[in-house]
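Colleague: Just need the whole structure built from these sequences, with the hints factored in.
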Amino acid sequence: MAKKAQSKAEPAAKRVDVHYLTRVEGHGNIVVEIEADGRVSACRWEVPEAPRFFEAMLIGRDYRDVHHIVSRICGICSIGHQLASLQATEDALDIRVSEQTLLLRRLATHGENLQSHLLHIAYLVLPDLMGVDSVIPLAETHKEAVLKLVAARRMSNEFCRLVCGRTTHPQRMTPGGWMKIPTPEDLTLLRRLLVESVPNLNFAVDLVASLAGKIPAFERKTEYVALVSPTDYALYWGEIGSNLDERHPVRDYKSVTREYCVPQSTAKWTKNMAESYMVGALARFNLNAEKLTPGAAAAAEKLGLKKGCTNPFMNTVAQLVECVHSVEDSLAIIDMLLARGLREEEPTPVRLKAGKGAGAVEVPRGILFHAYEYDDKGRIFAADCVIPTNQNHANIQKDMEALVPVLADRPEAEIELILSMLVRAYDPCISCSTHTLDLRPGQEKKLVRFVRK
Amino acid sequence: MTAKPKIAFFDFAGCEGDQLQVANLEERLLDILGHVEVVNFREVATRSGQDYDIAFVEGSITRPADAERLKQIRSQAKILVALGACACIGGVNCLKNFMSENVYREEVYGASARWYPTAPARPLKAVVQVDAEVPGCPVDAAEFARVVKEVLLGKTPWLPDWPVCVECKLAGNICRFEMGRMCLGIITRAGCGACCVTEGAHCWGCRGLVPGANLDSARIVLDRTGHDRKAVQDLLRFYLGDTAATL
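From first to last, the protein sequence lines stand for chains A and B. Using the working numbering, the first residue of the first sequence is number 1, and each one after it goes up by one. Using the working numbering, the first residue of the second sequence is number 1, and each one after it goes up by one.
These aren't lab readings, by the way, just hints derived from the structure by calculation. One should not assume that every hint holds.
[As the list claims (entries may be wrong)] Straight-line C-alpha distance at most 20 Å; calculated SDA-like pairs for lysine to any residue:
id: 1; chain 1: A; residue 1: Lys-254; chain 2: A; residue 2: Glu-275
id: 2; chain 1: A; residue 1: Lys-398; chain 2: A; residue 2: Cys-43
id: 3; chain 1: A; residue 1: Lys-353; chain 2: B; residue 2: Gly-172
id: 4; chain 1: B; residue 1: Lys-6; chain 2: A; residue 2: Cys-43
id: 5; chain 1: A; residue 1: Lys-353; chain 2: A; residue 2: Asp-91
id: 6; chain 1: A; residue 1: Lys-377; chain 2: B; residue 2: His-227
id: 7; chain 1: B; residue 1: Lys-230; chain 2: A; residue 2: Leu-138
id: 8; chain 1: B; residue 1: Lys-230; chain 2: A; residue 2: Asp-62
id: 9; chain 1: B; residue 1: Lys-78; chain 2: B; residue 2: Glu-27
id: 10; chain 1: A; residue 1: Lys-148; chain 2: A; residue 2: Arg-191
id: 11; chain 1: B; residue 1: Lys-78; chain 2: B; residue 2: Ile-32
id: 12; chain 1: A; residue 1: Lys-180; chain 2: A; residue 2: Gly-341
id: 13; chain 1: B; residue 1: Lys-6; chain 2: A; residue 2: Pro-137
id: 14; chain 1: A; residue 1: Lys-180; chain 2: B; residue 2: Ala-171
id: 15; chain 1: A; residue 1: Lys-377; chain 2: B; residue 2: Asp-234
id: 16; chain 1: A; residue 1: Lys-271; chain 2: A; residue 2: His-248
id: 17; chain 1: A; residue 1: Lys-148; chain 2: B; residue 2: Glu-27
id: 18; chain 1: B; residue 1: Lys-230; chain 2: A; residue 2: Ala-382
id: 19; chain 1: A; residue 1: Lys-148; chain 2: B; residue 2: Ala-231
id: 20; chain 1: B; residue 1: Lys-169; chain 2: B; residue 2: Val-221
id: 21; chain 1: A; residue 1: Lys-377; chain 2: B; residue 2: Asp-216
id: 22; chain 1: A; residue 1: Lys-180; chain 2: B; residue 2: Met-179
id: 23; chain 1: A; residue 1: Lys-254; chain 2: A; residue 2: Trp-269
id: 24; chain 1: B; residue 1: Lys-4; chain 2: B; residue 2: Arg-63
id: 25; chain 1: A; residue 1: Lys-180; chain 2: B; residue 2: Lys-230
id: 26; chain 1: A; residue 1: Lys-377; chain 2: B; residue 2: Gln-233
id: 27; chain 1: A; residue 1: Lys-377; chain 2: A; residue 2: Gly-341
[To be verified] These stretches of chain A come out as covered by chain B in the derived footprint (C-beta under 8 Å, 3 or more residues):
id: 28; segment: 60-66
id: 29; segment: 71-84
id: 30; segment: 166-180
[Unchecked claim] In silico contact screen, one side only, chain B against chain A (beta carbon under 10 Å); selected entries:
id: 31; residue: Asp-11
id: 32; residue: Leu-20
id: 33; residue: Glu-27
id: 34; residue: Ala-141
id: 35; residue: Glu-143
id: 36; residue: Thr-156
id: 37; residue: Asn-214
id: 38; residue: Phe-238
C-beta: ideal position from N, C-alpha, C; glycine also.
Modeller: Printed below as a string of structure tokens:
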């Protein structure tokens with residue numbers, strides 16, 4: 001994976017070249033070069049994922065198919081892509097949905113957040129904190145811990161299956177409502193599973209709290225962008241909030257994301273008020289911490305996570321806090337649904353018209369925007385998807401630029417590990433980054449040749 | 001076999017939802033791992049070895065460089081298993097094959113379109129020989145476990161050769177055609193338990209054509225639902241873009 005030129009004794013030039021970083025979703029590379037005098041001559045976060053052209057594939061598609069297509073952008077956030085897509089379609093076609101639909105969608109958001117966060121914490125980050133290369137050896141050395149985490153994650157999979165019908169690429173949701181809803185028995189079962197998972201989550205909180213010393217201490221002030229709502233810890237619905245900016249309505253998302261191309265790394269980058277911004281669990285926590293459920297607030301305190309935290313490595317910790325929040329809030333939603341009684345509802349009838357709309361959902365990795373324009377036949381003629389990981393690329397790069405000079409005197413292996421941990425903390429979901437460019441080292445020349453063709 | 005066979009996972013253009021289904025096997029994954037040695041599973045583990053016997057490959061081939069990488073994997077692996085709709089039949093990635101390349105590249109990348117190498121999306125079998133397939137979008141975790149077991153036992157894995165309609169009847173669903181809707185269960189390979197129909201949607205064809213699918217007849221049946229040709233074409237292109245179904 002990493003090729004290193006080893007030389008001891010005198011300070012030598014160092015090179016970290018992680019080709020296809022592991023334990024992230026999708027393909028990303030880290031390239032760092034440090035000269036013998038400690039000068040950093042290269043420091044890049046690169047994304048060589050195959051471009052997939054989803055926004056183009058949506059053109060001409062019927063409004064009823066769109067959320068099924070965008071679901072395939074990402075296996076892990078398929079529910080979030082569907083929800084953002086449904087919001088955009090419903091905004092464009094003026095479709096209102098029932099309170100029951102909204103409650104079930106909020107439940108779906110929680111299910112996906114749990115599913116993704118637990119995968120990230122247990123399978124992708126924990127091995128770093130325990131000093132091993134994957135969760136597989138942990139199954140032998142820390143069997144009890146792994147089984148508890150696996151049980152918690154199985155609960156989250158079951159959660160998504162009970163609410164959405166499938167854990168990945170669900171089939172129940174449609175513009176205007178649900179084709180099929182969970183039965184009261186399903187929700188009662190889910191309630192029991194959630195209650196049973198509380199000890200496992202508390203165990204995870206204690207475990208991560210005991211490993212707090214392994215989380216690198218690194219602070220860099222940046223902008224945090226997330227949905228905000230006056231009523232709750234915004235996940236399914238809200239306005240675009242920032243610690244440095246006024247609020248924006250979701251339809252105004254382009255004035256916040258302001259995507260731009262950079263010649264040196266070119267997944268489209270974003271910037272708002274500062275030179276880069278961060279989205280994800282830490283951004284949500286920093287903007288909405290006071291709206292967490294009591295148990296989640298207690299977990300945050302135990303884990304030493306405070307509002308205004310500027311350590312990107314703490315994103316994983318914020319995810320764990322959100323897991324506790326999702327379990328508690330889901331229990332409240334289920335009780336509400338059971339108390340008001342589940343009703344079989346037909347999806348809201350649609351009157352086709354030309355229109356333009358946007359949707360935003362807080363998916364596990366941060367704020368996700370979908371925006372569509374429809375013609376009067378209900379077919380898309382323009383689509384835009386702004387994915388959380390793309391919004392984080394610039395912030396990852398800026399973090400690396402701030403972090404590498406501090407690490408310059410450490411051995412290569414340590415620099416590589418800490419930078420890999422930094423990227424993993426963002427939980428990047430690179431398959432999602434629908435617009436990206438191949439820029440592996442040595443291919444810059446090829447790029448020029450390609451342009452001339 | 002004395003030593004444990006070494007297995008590796010690779011991915012091309014796709015959502016990695018299939019590897020996620022594998023991870024979702026949870027405890028059963030740990031059982032499987034007792035019988036193999038994972039040398040490359042980038043989504044889960046740091047170690048990446050190049051000495052594997054069985055390669056599981058996810059995603060479609062959309063760039064010339066990807067085809068080369070796949071050929072390299074093929075030359076190393078004794079057995080190559082395609083994982084999921086993108087790898088088996090091209091899947092949703094093939095939607096772009098019906099658009100002008102200029103249009104889809106500019107739509108997404110604007111003025112920078114020419115920086116991004118791409119080619120029509122293809123399934124793995126268009127580039128190399130594929131020894132076994134686990135179809136579906138995403139793959140069915142139980143079917144994946146069965147295929148792995150059969151491969152490890154040295155058997156040729158089998159797939160159902162009957163259409164989704166068979167399982168849909170068993171599931172007790174109301175036929176979508178009875179409801180005036182369209183459905184591809186009539187020409188799609190079974191094995192999913194008609195999960196999409198059961199959950200309120202219709203069959204999208206993600207598992208590919210069933211052997212002997214009567215496409216002419218299917219077109220007549222779809223036309224009879226009264227949906228316009230564009231809607232029929234949309235559905236046939238959703239997953240089956242690389243098959244004869246879209247003609």
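Colleague: Against each hint, give a clear statement of whether it holds in the structure.
Modeller: Consistency of the hints with the structure:
no. : hint                  : verdict
1   : Lys-254/A - Glu-275/A : holds, 16 Å
2   : Lys-398/A - Cys-43/A  : holds, 10 Å
3   : Lys-353/A - Gly-172/B : violated, 37 Å
4   : Lys-6/B - Cys-43/A    : violated, 35 Å
5   : Lys-353/A - Asp-91/A  : holds, 12 Å
6   : Lys-377/A - His-227/B : holds, 13 Å
7   : Lys-230/B - Leu-138/A : violated, 53 Å
8   : Lys-230/B - Asp-62/A  : holds, 10 Å
9   : Lys-78/B - Glu-27/B   : violated, 27 Å
10  : Lys-148/A - Arg-191/A : holds, 18 Å
11  : Lys-78/B - Ile-32/B   : holds, 19 Å
12  : Lys-180/A - Gly-341/A : holds, 15 Å
13  : Lys-6/B - Pro-137/A   : holds, 16 Å
14  : Lys-180/A - Ala-171/B : holds, 15 Å
15  : Lys-377/A - Asp-234/B : holds, 14 Å
16  : Lys-271/A - His-248/A : holds, 15 Å
17  : Lys-148/A - Glu-27/B  : holds, 11 Å
18  : Lys-230/B - Ala-382/A : holds, 18 Å
19  : Lys-148/A - Ala-231/B : violated, 47 Å
20  : Lys-169/B - Val-221/B : holds, 18 Å
21  : Lys-377/A - Asp-216/B : violated, 28 Å
22  : Lys-180/A - Met-179/B : holds, 15 Å
23  : Lys-254/A - Trp-269/A : holds, 13 Å
24  : Lys-4/B - Arg-63/B    : violated, 34 Å
25  : Lys-180/A - Lys-230/B : violated, 27 Å
26  : Lys-377/A - Gln-233/B : holds, 16 Å
27  : Lys-377/A - Gly-341/A : violated, 36 Å
28  : 60-66                 : holds (count 3)
29  : 71-84                 : holds (count 6)
30  : 166-180               : holds (count 11)
31  : Asp-11                : holds, 8 Å
32  : Leu-20                : holds, 5 Å
33  : Glu-27                : holds, 6 Å
34  : Ala-141               : holds, 9 Å
35  : Glu-143               : violated, 14 Å
36  : Thr-156               : violated, 28 Å
37  : Asn-214               : violated, 24 Å
38  : Phe-238               : holds, 7 Å
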